[in-house]
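Undergrad: Generate coordinates for the entire structure from the input sequences, incorporating the hints supplied.
Here the protein sequences come in this chain order: X and Z. Quick note on the working numbering: the first sequence kicks off at 1 and runs consecutively. Quick note on the working numbering: the second sequence kicks off at 1001 and runs consecutively.
By construction, these hints were calculated from the structure, which means they are not laboratory data. Just so it is clear, CB atoms sit at the ideal spot from N, CA and C, and this is done for glycine as well. Each hint can be trusted.
Facing chain Z, a subset of chain X residues (Cβ under 8 Å, in silico):
no., residue
1, T90
2, V123
3, M187
4, D228
5, S310
6, P311
7, A316
8, A318
9, A319
10, G325
11, G332
12, A353
13, T397
14, I401
15, G405
16, S406
In silico lysine-lysine, BS3-like type, Cα no more than 25 Å apart, as pairs:
no., chain 1, residue 1, chain 2, residue 2
17, Z, K1056, X, K388
18, X, K56, Z, K1337
19, X, K68, X, K92
Protein chains: 2
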Amino acid sequence: MSHPISPLAPPAQPDLPALAGVRLATGAAGIRYKDRTDVLLVELTPGTTVAGVFTKSLTRSAPVDWCKQSLAKGSARALVVNAGNANAFTGKAGEASVERTVKAAAKLLGCSTNEVYVASTGVIGEPMADDRLTAALPTLRSQINDDWAAAARAIMTTDTYPKAVTRTARIDGVEVRLQGIIKGSGMIQPDMATMLGFIFTDAAIAAPALQTLLARYTPRTFNSITVDSDTSTSDTVLLFATGKAGHAPVAEAGDSRLGSFRRALEAVMRDLALLVVKDGEGVERLVTIEVSGAASERTARRIGLAIANSPLVKTAIAAGDANWGRIVMAVGKAGEKADRDKLSISIGGVAVARNGARVEGYDEGPVASHMAGRDIRIAVDVGVGRGKATVWTGDLTHRYIDINGSYRS
Amino acid sequence: MSHPISPLAPPAQPDLPALAGVRLATGAAGIRYKDRTDVLLVELTPGTTVAGVFTKSLTRSAPVDWCKQSLAKGSARALVVNAGNANAFTGKAGEASVERTVKAAAKLLGCSTNEVYVASTGVIGEPMADDRLTAALPTLRSQINDDWAAAARAIMTTDTYPKAVTRTARIDGVEVRLQGIIKGSGMIQPDMATMLGFIFTDAAIAAPALQTLLARYTPRTFNSITVDSDTSTSDTVLLFATGKAGHAPVAEAGDSRLGSFRRALEAVMRDLALLVVKDGEGVERLVTIEVSGAASERTARRIGLAIANSPLVKTAIAAGDANWGRIVMAVGKAGEKADRDKLSISIGGVAVARNGARVEGYDEGPVASHMAGRDIRIAVDVGVGRGKATVWTGDLTHRYIDINGSYRS
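TA: Written as structure tokens, this is what we have:
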């Protein structure tokens, strides 16, 4: 069953240039889907460093376990991704499947197995047909190319459009590029990273510094989005740096030469995360929730997520209803410090409530107009401190139920 | 907009006899609804003791604040309930509204204001038309009667059927009765009690003992149900004991004479809670989730709630899909101790997964038949300890979105 393209999809895909040190190929291995690509092989130049963040799920998948363990080495030569089967909750058979896959890829590329990263997305709990995956690898290697758009398509599951972001920065006066692809639509409340996201750069940055930067920006990007409050067993974001841009290598995350790179990295991460929300299952409106006045950034984010995950808030937004009482309810249930009698709420920039009660002479007209649009902005001040955070989500529509009644994830 | 009666509604309402020391009257005050009753006055005999549990929401309503404060006195003469307006997030005006209401009722009945309990349910954030409520009180008093079924109807909001439970127990060889009414359908993940529930008994039990018993059974009854993970600002359960049954008064919760009463009380609380789940907004299937092997009863309940609140689990159940991989996902995101590699799952009594992987030769046939029914049973053992708990929820259907896009709660 295929679903219509999200109304929030970007009007056009960005041009995705070749990136020095990164080559890719996609293929149709028939792991679950028919008549579409479902495998991606990325070949990385020797010397590529790597960082990763992963789901905190206690039922995480075998590929996640493999990548976490390999990160200690900090170097990467290949990434193998498949869509259709998550290889999660597959026990020892799942681990063996990962081992066969990384061995096949390592042999093909002449590298160590710990330099092969793997990610799988799709059904949970079914045995993985890794024989189809390994059988496809030699052909993929022989067809290696620079078609990034094809790569973004090959990793989709319930996604309705492929997702990619590209951006440049400067290090030591040398232009470097950051380019990422991501997939995700449902089972989205990343608890460390979201579904499968892969960011590549030709910058030369040591693995520990790369890891520091990826971890620093994850809370306010990937971990600040939610579609349905459900956390995937496969959440994986990997950041690879090939070092081919030509500047002198950078060893420390705090190096002043990384200023432009750091800003670009956070922007790429945020833009990738937003592409996921905009393709949230059934989502018809993008909802940006700004929480201020909280005890800390962390508690502000939790309050934001309580609002973002409330089915009552989300169904009201789907109906274009400025039902701000439900926002009050969600703040109340968040379990974080908030002062009911100082609570202020605005929707679309219009003050709705102040100091714990509806504003005098409240006129719902302009708020109702705002709610009729696709870009909903909610601001909440909880009146106890200076912590703030922004969280992004979508509305909850009938299409979410259609999609998830028919898709075996 | 009215909605069809839940397919899980009991085939018939129980006979609700008069209860010594309790009299009631309902009326149509037009607070929000037209052409239906929306106010309930309960008059309690002098000497009635009272216990209560309330929402832990930080944005709790003015009536909740009032009742919590009055409980210290432990005696009750009246209960005034209205449907249509929750009097929540209404600031000082909301408090003043409660004060006017309890003053009017106290004057009418010749009691202290602290003996008048109030509960309101409906829209959050709108000023309360308490003048209509207080104006209705003298007529209600003059029409006082024993029509419990009418009382159950007068407190409904999005409920599709009235909810009441009755049961007897024995104290010192004397038969006592416990009879309760409850309302609730959406915004149901009680964090102390659920929406509005009122239990009455003619037993003679001191207020502190009553409070101990109510608090003891709340976690495994009202706090073990969820419809949509959203916690109401108005959650209130009150337990009143009129002492009219004729046995010698009981002072201590642990008194051995209360054995039969304690069992009956827990059963009444559980049955009332289940009536709420069965009328959950849009619910078409009752889902019972038994979690075992957890570190404690509390963590077992949290894991059960994570499964029960997962939109992906709930939409799969709505589609009759035995999608057990999503149960694995929900256990993983619960944030409580669980051993992925010892996890076992059964559905409808059929083993699906054992020791972290699907059982050998798994046949989905009998599980699919079970999923086609209305009474879905999921059992999960998380393999780390001896804690267990049962949680009840419903599925997530299109009707939930219809209801909540059209109702201003």
